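These protein sequence lines are chains A and B, in that order. The numbering used here puts the first residue of the first sequence at 1, with every later residue one more than the last. The numbering used here puts the first residue of the second sequence at 1, with every later residue one more than the last.
Read the hints as simulated data drawn from the structure, not as lab findings. Predicted model only: the values in this text are computed from it and were never measured. Careful: at least some of the hints might be erroneous.
[Stated by the list, open to error] With a straight-line cut-off of 35 Å between C-alpha atoms, the simulated DSBU-like cross-links for lysine-lysine are:
1) A:Lys126 - A:Lys56
2) B:Lys87 - A:Lys606
3) A:Lys379 - A:Lys37
4) A:Lys551 - A:Lys381
5) A:Lys37 - A:Lys56
6) A:Lys380 - A:Lys551
7) A:Lys551 - A:Lys374
8) A:Lys606 - B:Lys83
9) A:Lys606 - B:Lys85
[Unchecked claim] Between beta-carbon pairs, the in silico distance windows are:
10) A:Tyr585 - B:Leu95: 37 to 43 Å
11) A:Tyr585 - B:His82: 53 to 59 Å
12) B:Leu80 - A:Arg172: 55 to 61 Å
Every residue gets a Cβ at the ideal spot worked out from N, C-alpha and C, and that includes glycine.
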Amino acid sequence: MEQTTYLGFIPLLPLAGALVLGVMHVATCQGNRIAEKLYGILGCIGPVLSFILALKLFFSLKGLPAPDRFLTHEPFTWFSVGDLTVPMGFLADPLSSLMLLFVTFVGSLIHVYSIGYMAGDKNFGKFFAYLNLFLGSMLILVLGNSPLVMFVGWEGVGLCSYLLISFYSEERENVVAGNKAFIVNRIGDLGFVLGMAFLFWGIGADGFDYLSLKANAHNLTPALGITVCLLLFVGATGKSAQIPLYVWLPDAMAGPTPVSALIHAATMVTAGVYMVARFSFLYIEVPVAGTVVAWIGILTALLAAVFGMFQNDIKKILAYSTVSQLGYMFAGVGVAAYSAGIFHVFTHAFFKALLFLGAGSVILALHHQQNIWKMGGLKKKLPITYGTVLVGSLALAGCPPFAGFFSKDEILFSALATGHTGIWFIGVIVAGMTAYYTFRMFFVVFHGTPRDRHSYDHAQESPRVMTIPLIVLAIGAGFAGFLNFPAIFGGHQQVSHWLAPSLAEHHPDAGLGVEFLAIGGSVLAFVIGISIAYRKFFGGAEEPVYRGFCKFAANKFYVDELYATIIVRPYRFIGKAIRQMIEPYITDAPAQGVPWLYRMTGWVFKVVQVGYVRVYAIYMVIGLSIMSLLISQSLNL
Amino acid sequence: MIEHYLFLSVILFCLGILGVISRRNVFIVFMAIELMLNAANLGFVALARLHVSMDGHVLAMLVMAVAAAEAALALAVVILLHKHKGKLDTNIFSLLRG
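Whenever a hint applies, use it, and build me the whole structure from the sequences.
Structure follows, in structure tokens:
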């Protein structure tokens, strides 16, 4: 057994950082403040060291023969109940090592970027403490060797997401957005917990870690299998913002921009995809569940793309594009192309983090202006941001040969090759829409003439601590796609091969024609999308007034209002009814009866408490007499 | 013979109890308590003589010491009570009435 204790250190380092930073912040938030530089350096140490350990892990896995590529580490038994013994265990296999690499890499860059972005904030230390706590939880999620350990991280990232969305807690709407994210995620988590319970009930008796589950997966009855898969997917829809639980993610943009980049674009929201890929051995047995996942994913992609085309807030546009791209990932894992889905997670982390950080740079330059119709012509003022965001936009829009093209194409190709023509067709349309809304944002922000002269004149490029992460991410967004260069162009698909031991996947055999059809469709959609955006927005356009369908879409089909009407309001009504009717008269009755009983008893016995010393002496004499009598009788005197 | 001593002791003790219960002047109550202590002392000493043992004598000495300490403390309390209310009637001090 190889010594793998350092596995435990990967999540532990950021968690320790969170503890230290948190204590420092609490100790010094009143009065003498610690220099931001110290906080920044301390905040970055944990993620960077984790990244180095993740690299070490990657290379030690690489040194092993392909079927044996997994390392485990179980520091202690978490709990043991009946048949169930749950060790606090970590499992590193190709899948988790790939996730680890980009989570720690992108996470470290975003930590560095945050030093510049959050400069001057009065809760600087708290921000880094939360960010470190988030990263630690995310690493537990990725490294956990059983669904239960994964759930610890799953809840941890949910908590940090909540804390960081409502980070600017002076404003009520930010807190409401945080609450919304937390509550919507709870709904998903219920599905996840139920799914785990059913899974344990089915095949958990011989160990509840992934390796044992994988070995026993064939014992699961079909009915139970589909239940487990769908319930787990409910959890994924919550965390990864899919229909019907996607509503929290756009509101989550209330948090600071680095948070949106790290949590709500690159890492946490992809946890659902990771989970489905992790349970690929279950999903492969139940193709129906996979189809459901794929259709929900692609419909989410379509819906979010429609919304994204009519948003005015730069971060909202990116948020909807994240939801849309997550939809692609689910479409990928749904059609059993797990490596394609995970590869899209991987490339998406680069270009979406890049776009968010670039948007953050723009927002900071314009003093927290987020409306794209107040921007324009920023190309000259922010050259580095311009260049890097261009790379990110091309990657997001799926322009060959940038990263997004390869991963998206892989998903669409898999959909086509497995016979899901409908999914492929919608996917291609969404690709065109993606190109359109991405470059709508890009042209409006960076080209044309300045719409707000005052803020334009004061805009200046961000400090180097922010631009260097942008450049590094831009390199990633530009070239990450080549890691999985398709065989059709003479590539080796390293990522798919690397992931193969972790995933229950068989690659569909499809002819060259299908492959060219998929690529041609994607490229055509990209060209059409970008050319429409170019015609409409390149020369500069004013804020349009939406009418009819556009207004309907700009208001997100009134889904939030619909949920408020059919779920939130009745729920509140029930709550109010319970509070006013049932609680005081039924559930609280025993609790209120006990004090009443005491009051009555006291009222009876208060008669004897006359307050005169003499009377108490009489009581004492009476008591002593009775006692003496009893004692003398018991002694038989 | 011993019965006489014990009868006297019991009579003294009951007188003390009666004093504590029936009198309202704090000084008299205090004296009655002293009377009870001495009744107990008489019992100790008498029984010590009966059993030819020093235990009862020792205990009687201890009770006397306690009584002396108690007198010092109680008189201070009585002075405070007097300062507080200006009277020494125990019925005035009835804050514990329910």
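Hint check:
1. A:Lys126 - A:Lys56: Given pair A:Lys126, A:Lys56 holds - Cα atoms ~30 Å apart, limit 35 Å.
2. B:Lys87 - A:Lys606: Judged against 35 Å, a Cα distance of about 27 Å means the pair holds.
3. A:Lys379 - A:Lys37: holds, 30 Å
4. A:Lys551 - A:Lys381: This hinted pair holds, its Cα atoms lying about 33 Å apart.
5. A:Lys37 - A:Lys56: Satisfied, since the Cα-Cα distance of roughly 28 Å is no more than 35 Å.
6. A:Lys380 - A:Lys551: Holds, at about 33 Å.
7. A:Lys551 - A:Lys374: With a Cα-Cα distance of about 20 Å, the restraint between A:Lys551 and A:Lys374 holds, given a limit of 35 Å.
8. A:Lys606 - B:Lys83: Holds - the C-alpha atoms of B:Lys83 and A:Lys606 are around 30 Å apart, at most 35 Å.
9. A:Lys606 - B:Lys85: holds, 25 Å
10. A:Tyr585 - B:Leu95: 37 to 43 Å: holds, 40 Å
11. A:Tyr585 - B:His82: 53 to 59 Å: Holds, at about 56 Å.
12. B:Leu80 - A:Arg172: 55 to 61 Å: Taking Cβ atoms as reference, B:Leu80 and A:Arg172 lie about 60 Å apart, which means the hint holds.
Consistency note: the structure conflicts with none of the earlier hints.
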